[in-house]
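Student: What follows is each chain in one-letter form.
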Amino acid sequence: MRFNPARFLLYLVLAAFAVYYLMPVYVLVVTSLKSFAEVNLYRMWDPPRTFSLESFRRALFGGMGYQGLGPNLLNSIIMVIPATVISAALGSLNGYIFARWQFRGANTLFTLALFGMFIPYQSILIPLVQTLRSIGLYGSIPGLILTHVIYGIPITTLIFRNYYATVPKELVEAARIDGAGLLGVYRRIMLPLSLPGFAVVLIWQFTSIWNDFLFAVTVAQNPAVQPVTVALNNLAGSFIVEWNVQMAGALLAALPTLLVYIFLGRYFMRGLLAGSLKG
Amino acid sequence: MRRRIKRETLLSIILVLPSALAILVFVYGFIGLTAYVSFSNWNKLFPDYTFVGATNYLRLFQNPRFVITLRNLGVFTGLFVGGSLILGFLLAVLLDRRIKAEGLFRTIYLYPLALSFIVTGVVWRWLLNPGSPQMGSTGINLLLEMMGLGFLKSGWYTDPRIGIIAVAIAAVWQMSGYVMAMYLAGLRGIPEELREAARVDGASELQIYRFVVLPLLRPITFGALIVLGHISLKIYDLVVAMTGPGPGYSCDVPAYFMWELTFRANRFAQGAGIAVILLVIVSLLIIPYLRYSLRREVEA
Numbered sequence: 001m002r003f004n005p006a007r008f009l010l011y012l013v014l015a016a017f018a019v020y021y022l023m024p025v026y027v028l029v030v031t032s033l034k035s036f037a038e039v040n041l042y043r044m045w046d047p048p049r050t051f052s053l054e055s056f057r058r059a060l061f062g063g064m065g066y067q068g069l070g071p072n073l074l075n076s077i078i079m080v081i082p083a084t085v086i087s088a089a090l091g092s093l094n095g096y097i098f099a100r101w102q103f104r105g106a107n108t109l110f111t112l113a114l115f116g117m118f119i120p121y122q123s124i125l126i127p128l129v130q131t132l133r134s135i136g137l138y139g140s141i142p143g144l145i146l147t148h149v150i151y152g153i154p155i156t157t158l159i160f161r162n163y164y165a166t167v168p169k170e171l172v173e174a175a176r177i178d179g180a181g182l183l184g185v186y187r188r189i190m191l192p193l194s195l196p197g198f199a200v201v202l203i204w205q206f207t208s209i210w211n212d213f214l215f216a217v218t219v220a221q222n223p224a225v226q227p228v229t230v231a232l233n234n235l236a237g238s239f240i241v242e243w244n245v246q247m248a249g250a251l252l253a254a255l256p257t258l259l260v261y262i263f264l265g266r267y268f269m270r271g272l273l274a275g276s277l278k279g
Numbered sequence: 001m002r003r004r005i006k007r008e009t010l011l012s013i014i015l016v017l018p019s020a021l022a023i024l025v026f027v028y029g030f031i032g033l034t035a036y037v038s039f040s041n042w043n044k045l046f047p048d049y050t051f052v053g054a055t056n057y058l059r060l061f062q063n064p065r066f067v068i069t070l071r072n073l074g075v076f077t078g079l080f081v082g083g084s085l086i087l088g089f090l091l092a093v094l095l096d097r098r099i100k101a102e103g104l105f106r107t108i109y110l111y112p113l114a115l116s117f118i119v120t121g122v123v124w125r126w127l128l129n130p131g132s133p134q135m136g137s138t139g140i141n142l143l144l145e146m147m148g149l150g151f152l153k154s155g156w157y158t159d160p161r162i163g164i165i166a167v168a169i170a171a172v173w174q175m176s177g178y179v180m181a182m183y184l185a186g187l188r189g190i191p192e193e194l195r196e197a198a199r200v201d202g203a204s205e206l207q208i209y210r211f212v213v214l215p216l217l218r219p220i221t222f223g224a225l226i227v228l229g230h231i232s233l234k235i236y237d238l239v240v241a242m243t244g245p246g247p248g249y250s251c252d253v254p255a256y257f258m259w260e261l262t263f264r265a266n267r268f269a270q271g272a273g274i275a276v277i278l279l280v281i282v283s284l285l286i287i288p289y290l291r292y293s294l295r296r297e298v299e300a
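From first to last, the protein sequence lines are chains A and B. Counting from 1, one number per residue, gives the positions in the first sequence under this note's numbering. Counting from 1, one number per residue, gives the positions in the second sequence under this note's numbering.
There could be a bad hint or two in this list.
Claimed, not checked - Okay, the calculated bits of chain B under chain A, using three or more residues with CB under 8 Å as the criterion:
| # | segment |
| --- | --- |
| 1 | 51-60 |
| 2 | 67-79 |
| 3 | 106-113 |
| 4 | 144-158 |
| 5 | 168-179 |
| 6 | 197-211 |
Unchecked claim - Label pairs and their in silico Cβ distance ranges:
| # | chain 1 | residue 1 | chain 2 | residue 2 | range |
| --- | --- | --- | --- | --- | --- |
| 7 | A | S134 | B | L17 | 16 to 26 Å |
| 8 | B | M135 | A | F51 | 32 to 42 Å |
| 9 | A | A165 | B | D201 | 30 to 40 Å |
| 10 | A | V19 | B | M135 | 55 to 65 Å |
| 11 | A | K169 | B | F222 | 50 to 60 Å |
| 12 | A | L9 | B | G82 | 37 to 47 Å |
| 13 | B | A54 | A | S140 | 42 to 52 Å |
Derived by calculation from the structure, the hints in this document are not laboratory data. Backbone N, C-alpha and C fix where the C-beta goes; we use that ideal spot for every residue, glycine too.
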């Protein structure tokens with residue numbers, strides 16, 4: 001291997017960009033490991049001299065005059081699991097029908113549903129709050145779950161539809177000849193092949209529901225049911241919360257989706273490409 | 001056989017019916033209600049559906065804050081969409097040169113996408129905190145000083161002239177990796193023979209990108225434009241967590257103003273008006289795209 005200056009430069013540029021993307025995480029990690037005595041805005045790039053997990057303890061369980069994020073992390077978990085599972089199940093069924101059973105008007109219906117994926121949710125917030133109030137779900141986690149499931153229908157249907165469209169026609173025909181009906185084909189052919197599709201949709205929904213702020217802050221303003229994004233925003237906006245605790249809180253709120261991304265990145269990517277329609 | 005097909009068509013319709021109804025009510029019905037509210041007199045806590053015509057829209061356009069948010073949205077969208085497209089394309093081109101550890105670089109460039117805008121906002125608020133002349137610089141300013149680039153220091157979101165640019169910087173950081181991933185997938189789909197043929201014809205590397213690669217990537221550019229565009233027009237969380245409306249509303253955007261008006265000031269009808277205006281802007285972008293995708297699919 002001869003030294004190649006052009007290649008060296010290329011790697012140097014790539015590394016510089018990597019530093020740029022990692023910079024915020026560096027600040028997050030370094031600051032949250034510092035003790036309060038060491039936290040100093042004007043030394044924020046310095047590595048910690050002491051090593052302390054106190055900030056994480058406070059971010060989870062609270063400190064002088066403020067609540068921790070622990071209960072909110074729990075709220076997020078209670079919200080995200082059912083919402084993700086239900087929307088994946090609905091998306092799978094819808095996607096199967098739109099991919100395989102073209103009744104008249106199916107394409108128009110599908111396009112009309114897709115529009116729901118792009119709308120600014122501001123344009124439905126006021127009636128949403130009124131409706132949730134009238135059915136007694138306003139300010140509750142079930143209300144948030146319902147909201148996420150409904151507004152998740154377009155994207156989950158789209159991903160599953162595109163996924164099921166790749167299942168070879170011959171497989172379906174063969175099952176039809178064996179006498180399988182609409183649900184039979186779904187159960188015997190589609191579902192067993194669905195695992196990668198489910199992985200993509202579950203990860204996609206998990207990430208977007210966990211990270212959602214707009215629905216959470218509108219539907220669940222009551223601190224007892226607040227998901228972690230809302231609580232983190234309050235924590236970080238409060239002047240009495242130590243800076244290292246804010247950073248630890250942000251890290252804790254980011255951890256679940258980051259772990260999913262790091263370990264299941266492949267499926268994450270596929271959801272991403274599906275999210276832009278035909279990729 | 002025919003009866004069986006008929007019965008199954010009916011079954012298929014019954015199975016999608018709950019979802020279809022949910023979309024009909026929660027998307028289209030609610031949009032209709034929001035539009036209805038925007039023409040009403042509901043600018044206090046309790047509903048008042050008296051029809052007042054376009055009054056709320058007129059009020060909005062007479063409100064300097066609303067006009068500022070529209071201008072900010074234009075600046076933000078231009079910088080965010082343009083910046084993410086250029087940076088994402090650059091990264092994809094760099095990564096498409098048989099890089100060792102490509103996977104590692106890709107993972108690093110893309111991870112911000114897994115974060116919520118709230119986390120991004122919280123971190124970037126500190127990174128773009130300019131510090132003060134008395135106490136010294138902090139965040140990015142401090143970093144620039146340490147690198148001898150002190151002349152690049154800025155007041156970022158505390159400077160009323162450029163507040164919204166600071167928000168765009170954080171947004172580009174978060175979304176450029178997504179554009180990189182899309183372009184990289186697209187570049188991988190271009191057969192090497194095509195570039196080779198252009199090379200044989202005497203085209204320079206730059207010309208190959210200009211006349212062969214970019215035209216072939218046009219559908220990807222188009223798709224990325226749509227995704228970034230609709231995220232940009234709806235931008236809300238990032239502003240909440242990072243800056244709030246900023247000095248002189250220099251970081252304010254319509255979605256933020258809508259929420260404040262509606263749920264803090266109880267001016268529901270005016271908030272609904274902003275929501276409708278936002279929806280119209282997004283629709284101008286999305287409806288042609290949906291029609292285009294649908295047509296392409298029918299032809300395929």
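Student: Determine for every hint whether it applies to the structure shown.
Tutor: Here is what the structure says about each hint:
| no. | hint | verdict |
| --- | --- | --- |
| 1 | 51-60 | violated (count 0) |
| 2 | 67-79 | violated (count 0) |
| 3 | 106-113 | holds (count 7) |
| 4 | 144-158 | violated (count 1) |
| 5 | 168-179 | holds (count 3) |
| 6 | 197-211 | violated (count 0) |
| 7 | S134(A) with L17(B): 16 to 26 Å | holds, 23 Å |
| 8 | M135(B) with F51(A): 32 to 42 Å | violated, 27 Å |
| 9 | A165(A) with D201(B): 30 to 40 Å | holds, 38 Å |
| 10 | V19(A) with M135(B): 55 to 65 Å | violated, 26 Å |
| 11 | K169(A) with F222(B): 50 to 60 Å | violated, 30 Å |
| 12 | L9(A) with G82(B): 37 to 47 Å | violated, 26 Å |
| 13 | A54(B) with S140(A): 42 to 52 Å | violated, 37 Å |
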